[in-house]
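Chemist: Letter by letter, the chains look like this.
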Amino acid sequence: MGNRTIVPFGPQHPVLPEPIHLDLVLEDEKVIEAIPKIGYIHRGLESLAKKRDFNDYVYVVERTCGICSFMHGMGYVESVERIFDVEIPDRAKYLRTIWAEMSRIHSHLLWLGLLADAFGFEALFYQCWRMREQILDMFEESTGGRVIFSVNKIGGVLKDMPHEMLLKFVNNLNGMEKELRALTDVFLNDYTVQSRLRGVGILTKEQAVTLGAVGPMMRASGIELDTRKLGYAAYGDLSFDIITSKDCDSYARCEVRIGEIFQAFDIIRQAVSKIPEGELITPVKGNPPVGEAFMRVEQPRGEAIYYSRSDGSKFLERMRIRTPTFANLSPLLETLKNAELADVPLLILTIDPCISCTER
Amino acid sequence: MIMKFTKFALKNLFRKPVTRDYPNVKNEFCERTRGSVTINIEDCIYCGSCQRKCPSGAITVDRNARTWTIDRMGCVQCENCINNCPKKCLHMDKHYTTPDFTKTVDTFEGPPAPPKPAMDPEKLAALKAAAAAKKAAAQKEAQKSEE
Numbered sequence: 003m004g005n006r007t008i009v010p011f012g013p014q015h016p017v018l019p020e021p022i023h024l025d026l027v028l029e030d031e032k033v034i035e036a037i038p039k040i041g042y043i044h045r046g047l048e049s050l051a052k053k054r055d056f057n058d059y060v061y062v063v064e065r066t067c068g069i070c071s072f073m074h075g076m077g078y079v080e081s082v083e084r085i086f087d088v089e090i091p092d093r094a095k096y097l098r099t100i101w102a103e104m105s106r107i108h109s110h111l112l113w114l115g116l117l118a119d120a121f122g123f124e125a126l127f128y129q130c131w132r133m134r135e136q137i138l139d140m141f142e143e144s145t146g147g148r149v150i151f152s153v154n155k156i157g158g159v160l161k162d163m164p165h166e167m168l169l170k171f172v173n174n175l176n177g178m179e180k181e182l183r184a185l186t187d188v189f190l191n192d193y194t195v196q197s198r199l200r201g202v203g204i205l206t207k208e209q210a211v212t213l214g215a216v217g218p219m220m221r222a223s224g225i226e227l228d229t230r231k232l233g234y235a236a237y238g239d240l241s242f243d244i245i246t247s248k249d250c251d252s253y254a255r256c257e258v259r260i261g262e263i264f265q266a267f268d269i270i271r272q273a274v275s276k277i278p279e280g281e282l283i284t285p286v287k288g289n290p291p292v293g294e295a296f297m298r299v300e301q302p303r304g305e306a307i308y309y310s311r312s313d314g315s316k317f318l319e320r321m322r323i324r325t326p327t328f329a330n331l332s333p334l335l336e337t338l339k340n341a342e343l344a345d346v347p348l349l350i351l352t353i354d355p356c357i358s359c360t361e362r
Numbered sequence: 678m679i680m681k682f683t684k685f686a687l688k689n690l691f692r693k694p695v696t697r698d699y700p701n702v703k704n705e706f707c708e709r710t711r712g713s714v715t716i717n718i719e720d721c722i723y724c725g726s727c728q729r730k731c732p733s734g735a736i737t738v739d740r741n742a743r744t745w746t747i748d749r750m751g752c753v754q755c756e757n758c759i760n761n762c763p764k765k766c767l768h769m770d771k772h773y774t775t776p777d778f779t780k781t782v783d784t785f786e787g788p789p790a791p792p793k794p795a796m797d798p799e800k801l802a803a804l805k806a807a808a809a810a811k812k813a814a815a816q817k818e819a820q821k822s823e824e
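So the protein lines, in turn, are chains A and B.
For the first sequence, my numbering assigns the number 3 to the initial residue and increments by one for each residue that follows.
For the second sequence, my numbering assigns the number 678 to the initial residue and increments by one for each residue that follows.
Treat the hints as calculated values from the structure; they're not laboratory data.
Being a predicted model, the structure only gives us computed values, none of them experimental.
Fair warning: there could be bad hints in the mix.
Unchecked claim - Examples of chain A residues lying across from chain B (beta carbon under 10 Å, computed):
(1) D55
(2) V60
(3) F123
(4) K155
(5) V195
No residue lacks a Cβ here, since even glycine has one placed at the ideal position from N, Cα and C.
So here's chain A without its partners, still in its complex pose:
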């Protein structure tokens, strides 16, 4: 048995987009155990629900995270709408779906870039982020913000996308799709990429179930589960398959996310062709009635859960978010066991960590 050493990894580390801390117990270059510590960027956003009007809290909850900001807003708003028992207009549902899918494309492109950066392919990283820039421009044109959109409101959405804008977006996306096919071909078929991803970080189907993996991490282990199939927003009217892979390794996770990007293109095209005309918002008056509601949303990183409880006043009694990264932490620790030290940054990235969400 070699000497055991403990190497602190993070919270500041060149490869990490966000601060997570892991104590790696090493034997030579092999990781025996990883001990996580979270709470480095806790901001107390959940407790702000007791101090901000439930209408204004949308703007706080959006700032939980900069990448899935739209879906955080949507999850919260839909949970409060369930307490009110209000039906939102169909057009608002479709607009939410389009923005949510655009967020998914932007998040997955960001992740692909970070993954390329983690295995040391800088040029590929720049290409991915160049593509992502086009999505951010579309966000700015439709909502006014590039990262934080502030378009959700209880009862509907605040801004409309006119028909010409939607057609222009679909056109842009079609152009992007062609270029993206060539770019993702590098991820899927390039020799250097495969040598870093194939067979690294195996998480079997049984482990994924017992450890409670969510999102692409779980689907890459062959489990067919997607919260969008519950039919929130307009997903019930749109047809799409759940993308899974049976390889269970880092390559499979990359493959699933790439598949989801192209699926998101398809969902947006379907939504644009089906979007009905009509109102944007159902006016909601007064304070929420006494009650509680539960909302599940499929974020780019996996399933997020929003729980709101109201005591009849204008401040919510409790607001809770269960984020996908938190659920994916224990599968991460499993994949880190017996991994090489050089693979640790890559393995952390394959769960697509969002520490700002996790620590709120």
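Based on the hints, put chain B in the right spot on chain A.
Modeler: Relative to the frame of chain A, chain B by itself:
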């Protein structure tokens, strides 16, 4: 093909830069861009709705001093104040707040309150008479209850 990225690398050598030549070519803002909040102070009624609705507490309204103050670094550009302004005197400027070494606080001072219109002398006399009559009636009532 083993080296899939070669095509991209070669293409990159001969194409125009993706980034903007910034100081020479300025960015064009979109119509909906949320840059910074400005106020048309002449129309403001100092109701304080924006102050109450601000999620980050960046706005202060002083009714007596007739000022509207915004902490530029605290503002998160959510547009909630604009959507809730009863007089629609707030709007979004497309330009972002410029970076600064100190915290920028912008104060807008409104015009002095217009003087209250003088009352018609006849109306004033009638009002005074009514008030006196009411007082006398109350006194009478009080005397009765004492007895």
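Chemist: Decide, hint by hint, whether the structure agrees.
Modeler: Status of each hint after checking the structure:
Hint on D55 of chain A holds. Least Cβ distance to chain B is approximately 8 Å, under the 10 Å limit. The interface hint given for V60 of chain A holds, since its Cβ lies 8 Å from the closest Cβ of chain B, which is under the 10 Å cut-off. Because the closest C-beta pair between F123 of chain A and chain B is about 8 Å apart, less than 10 Å, the hint holds. A hinted interface residue such as K155 of chain A counts as satisfied when its beta carbon comes closer than 10 Å to some beta carbon of chain B; here the least separation is about 8 Å, so the hint holds.
Taking 10 Å as the C-beta contact cut-off toward chain B, the hint placing V195 of chain A at the interface holds, the least distance being around 8 Å.
The structure fails none of the hints (numbered hints given earlier).
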